[in-house]
Amino acid sequence: MSSRDFPQVRLHIVTGKGGTGKSTVAASLALGLAAAGTNVLLCEVEGRQGIARMFDVEPLPYAERRVATGLPETDGQRGGVVHALHIDPESALLEYLSMYYKLGRAGRALDRFGVVEFATTIAPGVRDVLLTGKVYEATKRNSRNKKAITYDAVVLDAPPTGRIAQFLGVNHELAGLARMGPIKTQADSVTTLFHSRRTAVHLVTVLEEMPVQETTDGIAQLREHGLPVGGVVVNQVRPRDLDDDDLAAVRAGAVTKRQIASDLTRSGLDGKAEMVTGLLTEARDHAERRALEDAQRALVDALDVPTYELPLLVGGVDLGALYELAGMLRDQGLA
Amino acid sequence: MTTPRRSRTRSRVGPQSLTGGRTLDVDRLLDDPRTGIIVCCGSGGVGKTTTSAALALRAAERGRKVVVLTIDPARRLAQSMGIEVLDNTPRPVAGVGGGAGRGGSLDAMMLDMKRTFDEVVESQASPEKARQILDNPFYVALSSSFAGTQEYMAMEKLGQIHADAQRDGTYDLIVVDTPPSRSALDFLDAPERLSSFLDGRFIKLLLAPAKGPARMMTAGFGIVTNTLAKVLGAQVLRDMQTFVAAFDTLFGGFRQRAQKTFELLQADGTAFLVVAAPEPDALREAAYFVERLSEDEMPLAGLVVNRASPQPIGDVTAEGAMAAAQRLRKDDADSRTAGLLRLHADRVRMVERETLLRQRFEAAHPQVPTAVVPALAGDVHDLAGLRQVGALLAGERPT
Chain A
1 MSSRDFPQVR LHIVTGKGGT GKSTVAASLA LGLAAAGTNV LLCEVEGRQG
51 IARMFDVEPL PYAERRVATG LPETDGQRGG VVHALHIDPE SALLEYLSMY
101 YKLGRAGRAL DRFGVVEFAT TIAPGVRDVL LTGKVYEATK RNSRNKKAIT
151 YDAVVLDAPP TGRIAQFLGV NHELAGLARM GPIKTQADSV TTLFHSRRTA
201 VHLVTVLEEM PVQETTDGIA QLREHGLPVG GVVVNQVRPR DLDDDDLAAV
251 RAGAVTKRQI ASDLTRSGLD GKAEMVTGLL TEARDHAERR ALEDAQRALV
301 DALDVPTYEL PLLVGGVDLG ALYELAGMLR DQGLA
Chain B
1 MTTPRRSRTR SRVGPQSLTG GRTLDVDRLL DDPRTGIIVC CGSGGVGKTT
51 TSAALALRAA ERGRKVVVLT IDPARRLAQS MGIEVLDNTP RPVAGVGGGA
101 GRGGSLDAMM LDMKRTFDEV VESQASPEKA RQILDNPFYV ALSSSFAGTQ
151 EYMAMEKLGQ IHADAQRDGT YDLIVVDTPP SRSALDFLDA PERLSSFLDG
201 RFIKLLLAPA KGPARMMTAG FGIVTNTLAK VLGAQVLRDM QTFVAAFDTL
251 FGGFRQRAQK TFELLQADGT AFLVVAAPEP DALREAAYFV ERLSEDEMPL
301 AGLVVNRASP QPIGDVTAEG AMAAAQRLRK DDADSRTAGL LRLHADRVRM
351 VERETLLRQR FEAAHPQVPT AVVPALAGDV HDLAGLRQVG ALLAGERPT
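Chains as they are written, first to last, in the numbering used here: chain A, 1 to 335; chain B, 1 to 399.
Isolated chain A (complex conformation) (with noise of 0.2 Å):
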C-alpha cells in the first residue's frame, strides 16, 4: 500500500532534530506502510544500529533482512513485510566497485592502500554519495532483477535536519567537484530520483523552540533546493489530560483548594493539604507548558505542510509501540 496522503511517493525520507524520535517515526511509518502483500525496506546510514535495536534482532549486516511484519489491516488481514538495511559506506563503495565495475580484486586492492577509508571518511561528499546510492538502488529496482526483493516503499532513517540538505544535495557539490566521468553520472540519477515526485522527505519535530525552529529552517532549506517536503510530524506530544476550559480556569485561578480537597476526600484520597497544593502547582506547570507548546503548535500549522500528531509514550517505545504508532500514522494518512 502506499501512503494515502503520498501516493506517489516510492522513497520516504525521515529526518529531525537529534532527540526528537525520527528513528522511532521512520521505523512505525515503515510499519504503517507494509500493508498485505506487499515489501517495505527501511534503511539506517548513521551506523548506530538502531534499527536493531528497536525490532530487537542481531545487528544488522549490510544485507536487506526481514524484521517485522507490517501493521495489520482493519479487516485483520496480515500485514505485509518489513525488511531492514544498514548501510555504512565502506561495504557500498566495495559492492558499488563490484557491480559497477566488475572490480573484485582492484577493490580489494583499494581497501589495502586506504582508498577505501579515504573515500568514506575525508573525501568530501563521497560518504554520502555511497550512502544515497545505495538508497537509491533499493527505489529504483525492478522486476528485472530477478535475485533481489522489489520494494513497494523505501523509508530512509536520514541524518538530522541540519543536514538534511546537505545530504540529499551534496550530490550538487560532488557532481561539481567530479566535472565528468561515472561518479557524476551516478550522482546525477540520485539527484534526478530525490528531486522527482517518487520522493518526500517527512520532517519529526517536538513542541519545543529549537526543534520547531529548524524544521522551518530545514523546510526552507528544502524547497531552496528543490526538494520535495513530505509532512511534518509533531512527535512525543505530551498527554492532555486538561482541556481548554480546565486549562483556562487553571490560569484565571479559578480552581479552588476547596472544591479539590473536597473532589479527593470524595474519590478515597487524603485531600491534605500538601496534596491540593501540589495538584495545583502541577496543573500551573502543565498550563505553561501548554501554552508554550500551543504557540509551536501553530508555528507549525503556519508552515502550510501537512501535519501528523503522536503522543508521548510514558513507558518509553517497545516494538508493541511502535505498531500503536504505526496504527496513528496509518489512520491520519502518512502511512
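Fair warning: there could be bad hints in the mix.
[Claimed, not checked] Taking lysine-lysine and the DSSO-like style, the derived pairs with C-alpha atoms no more than 30 Å apart in a straight line are: (1) B/Lys230 x A/Lys146; (2) B/Lys330 x A/Lys257; (3) B/Lys65 x B/Lys129; (4) B/Lys230 x A/Lys147; (5) B/Lys330 x A/Lys272; (6) B/Lys260 x B/Lys65.
[What the hints assert, rightly or not] Have a look at the derived ranges for each label pair, beta carbon to beta carbon: (7) B/Arg115 x A/Gly253: 51 to 59 Å; (8) A/Thr265 x B/Glu291: 17 to 25 Å; (9) A/Gly253 x B/Val85: 41 to 49 Å; (10) B/Ala94 x A/His195: 21 to 29 Å; (11) A/Ala273 x B/Gly395: 22 to 30 Å; (12) A/Thr185 x B/Asp87: 37 to 45 Å; (13) B/Ala363 x A/Thr265: 38 to 46 Å; (14) A/Glu224 x B/Val85: 21 to 29 Å; (15) B/Thr170 x A/Glu224: 45 to 53 Å; (16) A/Arg78 x B/Glu263: 55 to 63 Å; (17) A/Lys272 x B/Glu291: 42 to 50 Å; (18) B/Leu356 x A/Thr256: 34 to 42 Å; (19) A/His195 x B/Pro127: 38 to 46 Å; (20) A/Glu224 x B/Ala363: 45 to 53 Å.
[Said to hold, decoys possible] Stretch by stretch, here's where chain A covers chain B in the computed footprint (C-beta under 8 Å, at least three residues): (21) 64-75; (22) 321-328; (23) 337-345.
Since the hints were made in silico from the structure, they are not lab data.
Positions of the beta carbon are idealized from the N, C-alpha and C atoms, including for glycine.
Go by the hints and put chain B onto chain A.
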C-alpha cells in the same frame, strides 16, 4: 561487586531521590582554579549548548575569566550573548553580573569551521602556497563538508584559544561545546583519523606521480590509480593530487597540533562533562562516552542529566491517582480534579521511568558523579534563563 544499593522497588519518589549516587558538585568544579577547560559532550538534542553557556555564565559570575566556545546555538540565545555574527573571535557578553566585582568576565564565540581551517592553513604556509591551497576545489569541499572537519576544528580552536590565554592571561577557564556528531565519539577520533590518513599509503600514492619516480608504481598502485581515475574522473584525481602536493609540507604541523590538543584534553586542568537526557538512547550514548573517555584516559568530571521531569508533589502513586480519577469521573464525566489527578499520574510515571533509567546507568558506572537538571517549562534564550539553568546545575532548587 559494588556497595549494597538501596532497594529499587521503592514506590515513593521524592526529592531526596533526585540523585541516587554521587552528586556532581558543579560549583566546586567551576571554582577550582585548576579547572582550565570544561568540555561538554553528548549526543544531539540533549542541551549541550545551553549547558555549556550556563556553566560559563555561572563561572564568570563566580569570578572566573571565562570564554565559551559554542558550535551552533539557537538563534535567540546567540543574539542574547551577542555572538550571532560568525567572526571566529571571542566577544564580550554584556550583562554578566555578580562576579564583576571579583574580576569575573565572560566572552563567547561561535565556531566558524571553514574559517578556522583557513586560518590554520594561513598560519602554516607561505602566502602563495596558502592561496594555492585555499583555492583548490578539493580543499574547498574538504574544509566545508567533510564529516569530521567540524569536530577537528572545534578542537583546533580550543588549542588556539588555550595557547593565547596562556600567553596573554586573557582567560582562566575555557568552556567548549562539542558538535552534534553523527557518532558521539567523532570529535575524539577526528585528530587521530586525520593524522593516520596523512601518514597513510594513500597519500604517498597520490604524491607518487607528482614526485615522479616510477619505482613506486607497483602493480597494486597502478590498479588503484587507474580505478580512481575511472571512478572519480581524471579531473578529480588531478585536483586531489595538486591539493595533497601543496598540503604535503603542512601535514607535519597538523599532526603535531592534533597531538598537542589531544594531550591538552588529557591534562589535569581539563574536565569532561557528559551531557544526556533521561532517555534510553541519550543515556546509551552517554555510556559510550564515559567508557571511551576512560579508555583514552580523559579526565571525566561527571554526567549532567538535563530535562529531568519535575518531581511530583505529594505521595500519591500513579495507580492511586488514576483510580481516584476514575471514581470521580463516574459521578462527573468532566471532573476537573480527575484531570489534575491524571496529570499527576503521568508525572509520577515519567519520573519513575527516568529514575529507573538513571539508576541503571549508575549501576553500570557507579564512579560517575551526576547532576540532574529539572526541565524548565520554557526554552532558554537569555542570560536570566542561563542563570537559572546554572543554579539548577549547581543543585540549587527553587524554594
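Exercise. Going straight from one Cα to the other, do B/Lys230 and A/Lys147 come out at no more than 30 Å?
Worked result: 28 Å, holds
Exercise. Is the hinted range of 21 to 29 Å satisfied by the C-beta distance from B/Ala94 to A/His195?
Worked result: Violated, at about 45 Å.
Exercise. Holds or violated: 41 to 49 Å for the Cβ distance of A/Gly253 and B/Val85?
Worked result: At 44 Å between Cβs, range holds.
Problem set entry | Consistency of beta-carbon spacing, B/Val85 to A/Glu224, with hint 21 to 29 Å | 22 Å, holds
Exercise. Between A/Lys272 and B/Glu291, does the C-beta distance stay in 42 to 50 Å?
Worked result: 47 Å, holds
Problem set entry | Given coverage of the segment 321-328 of chain B by chain A, checked by CB-CB distance under 8 Å (3 or more) | holds (count 6)
Problem set entry | Check of the segment 64-75 of chain B against chain A for coverage (Cβ-Cβ below 8 Å, three residues minimum) | The restraint on the segment 64-75 of chain B holds, since 3 of its residues have a Cβ under 8 Å from chain A and three suffice.
Exercise. Has the given pair, B/Lys330 with A/Lys257, been kept, meaning a C-alpha gap of at most 30 Å?
Worked result: 21 Å, holds
Problem set entry | Whether the CB-CB distance between B/Ala363 and A/Thr265 falls inside 38 to 46 Å | 41 Å, holds
Exercise. Falls inside 17 to 25 Å, the C-beta gap from A/Thr265 to B/Glu291?
Worked result: 52 Å, violated
Exercise. Does the Cβ pair A/Arg78, B/Glu263 satisfy 55 to 63 Å?
Worked result: 60 Å, holds
Problem set entry | Range hint compliance [Cβ, A/Ala273 to B/Gly395, 22 to 30 Å] | 27 Å, holds
Checked against the numbered hints given earlier, this structure breaks hints 3, 8, 10 and 15; the rest are met.
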